[in-house]
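J.: Following the hints, put chain F in place on chain Z, whose structure we already have.
What follows is the residue order along each chain.
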Amino acid sequence: MRLSGFLEAEGIFLEEEEIRKYIFSDGGWQRVEKFRALPPLLRSLVEEKKLDAKTAEKIQEIPEEALQILLPALESLSYSEHRIYVRMFLELVKRENLNKADCIALAERIGTSQDPTGEIRKMRYPELTGLENRFKQIVEPAIKGTGIRIAPPPHFEGSRFTLEFQFESPEQLNRKVFTLQQFIEKGNDLFSLLR
Amino acid sequence: MISSPSLDNRFFQVYVTPEAIDLPAFQRALRCLGNLPITSVDTPEGVPLEHRNERTLFVTSSRGQTVGECPGSRGHICCNYLTVDLYLGCTVGCTYCIMKSYLNYSPLTVYADPQPSIQRIRSLALKNPHRILRVGTGETGDSLLLDPLFDLSREFIEGLSDLENVRFEMKTKTTHVDHLLDIPRKGHSVIAFSLNAPDLQEEEGNSAPIAERIAAASRASRAGYGVAFHFDPIIRFPGWKESYTETLNLIRTLPVDKIAWISLGTIRYPPALRDRLEDRRYLYDEFVPCRDGKYRYLQKTRVEIYRWFISNLSQITRAPVYLCMESAAVWKAVYGAPPLKIGFLRDIFTRIKFE
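Protein sequences, first through last, are from chains Z and F.
Position 7, counted from 1, in the first sequence is what this note's numbering calls 7; the numbers after and before it change by one each time, with no gaps.
Position 10, counted from 1, in the second sequence is what this note's numbering calls 10; the numbers after and before it change by one each time, with no gaps.
Isolated chain Z, as found in the complex (with noise of 0.2 Å):
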């Protein structure tokens, strides 16, 4: 749709070019119509500010029977969550390819879920979840409840995990490193998950 007719629509009566210099750059009222052309759902979750119109452009491929099963299970997320895991759900459709009906079996294995969230990410980023899950099998029963803390590098990527602990007396210290010694002699696989 021309500008004009936009503007004749709306009752603003400027000629074109004067509009668009005051107003809108080309790539301004390019962003419009992209606006203008989402299908009513993805629109009115942009004017309710509940989505990016950027994302909204990027999901139309998500079919809007999948949409409404899986946006009220995320309604609970802050504006940056909603749009990191509506771009993680288009990711799983086109990595997986899947058709409209698989589509819909997705979201709504998602919007059953009690973990929405963990769900998507789960099935977005396998080995990486099963590396944080492999870490956790391997920590927790060693240092739970011990006041002790294990990190591994942020996303496994380096090669030097974290330890901290405090302690305020000598046989406080002698206990956790007592815990420590333990679960380096039992012996575990924490440096395989780096390499």
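Among the hints, a few may not be true.
[Claimed, not checked] Simulated restraints, written as ranges between beta carbons of each label pair:
| hint | chain 1 | residue 1 | chain 2 | residue 2 | range |
| --- | --- | --- | --- | --- | --- |
| 1 | Z | 94 | F | 93 | 19 to 25 Å |
| 2 | Z | 134 | F | 119 | 52 to 58 Å |
| 3 | Z | 5 | F | 209 | 47 to 53 Å |
| 4 | Z | 32 | F | 22 | 50 to 56 Å |
| 5 | Z | 65 | F | 337 | 51 to 57 Å |
| 6 | F | 270 | Z | 65 | 31 to 37 Å |
| 7 | Z | 126 | F | 336 | 26 to 32 Å |
Derived from the structure by calculation, the hints contain no laboratory data.
All C-beta atoms, glycine included, are put in the ideal place defined by N, C-alpha and C.
T.: Chain F in isolation, oriented as in the chain Z frame:
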């Protein structure tokens, strides 16, 4: 000079700065480009907006800094490669091309006066007599895509041929080597080919098929050049091992003692580029942010990939195999040590006195 059929009809117009008009390289190119409109402009900004695209050639003399150090990547180990901008930009059209993130000028730019760069390399070589200098023209464009037109590589090859400690590398995804085969003094020049899995050919735009690149490598090595191979970016996909094995088997057909080096690098991209990369399924694999801000496969995945390549390459060649833009942690996991502590990689990774 041979005009490559793959360059026919590629360009629609040529812009040239006044001081470049009489340069030998431009005059050579005119024999093939003379039927195109040629306009003199003082600066790159003189090229009209509507012609700032990959159908335009912009030819000028040398740029300010003639030889640079490869920028490497923060927090990752660098091989101290030296770079010369000769052909800036590329029309091969690989879907994963990272140059989209840092090249903002679309006409293909040719720096047609190689002499300042050659003299600078000679000066660095003399300042570092006990070091090997590896210097290449393939950092910001394909070294040989336009070389049949301008024949600039010849000037480098001949101009550096007497220097025992210089390895001049031309890196390409084409088969444009035949115009270089008859150069009598090749020195220690190396013609390098970017390689990938045959199943990824469609991701590499107008590049030559892998088998043809290997055939070109064969011609180059028989003519007396060293050859090198760069598996970069390595992309993981279902059946990747079988597909990359096809490429490795092609390398087996070469005189392997002529292989100067092989580099490995898994796919990586800055986050700002993610939306500009074409929407390909391989981008939906698992990528995590690394210390330099770029996204790469999980460290464990990269280590597995590199170990596979090194194990298989070691059965083919004794050429040094090194990692490109990788972290110390990955080096340690793959090789057991950083490169300066590995004898056969020391020459590649030892810094030179640059100033």
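J.: Decide, hint by hint, whether the structure agrees.
T.: Each hint tested on the structure:
1. Z/94 with F/93: 19 to 25 Å: holds, 21 Å
2. Z/134 with F/119: 52 to 58 Å: Holds, since residue 134 of chain Z and residue 119 of chain F (Cβ atoms, about 57 Å apart) stay within the stated range.
3. Z/5 with F/209: 47 to 53 Å: For residue 209 of chain F against residue 5 of chain Z, whose Cβ atoms are near 51 Å apart, the range 47 to 53 Å holds.
4. Z/32 with F/22: 50 to 56 Å: holds, 51 Å
5. Z/65 with F/337: 51 to 57 Å: holds, 56 Å
6. F/270 with Z/65: 31 to 37 Å: holds, 36 Å
7. Z/126 with F/336: 26 to 32 Å: Holds, since residue 126 of chain Z and residue 336 of chain F (Cβ atoms, about 29 Å apart) stay within the stated range.
Violated hints: none; the structure is consistent with every hint.
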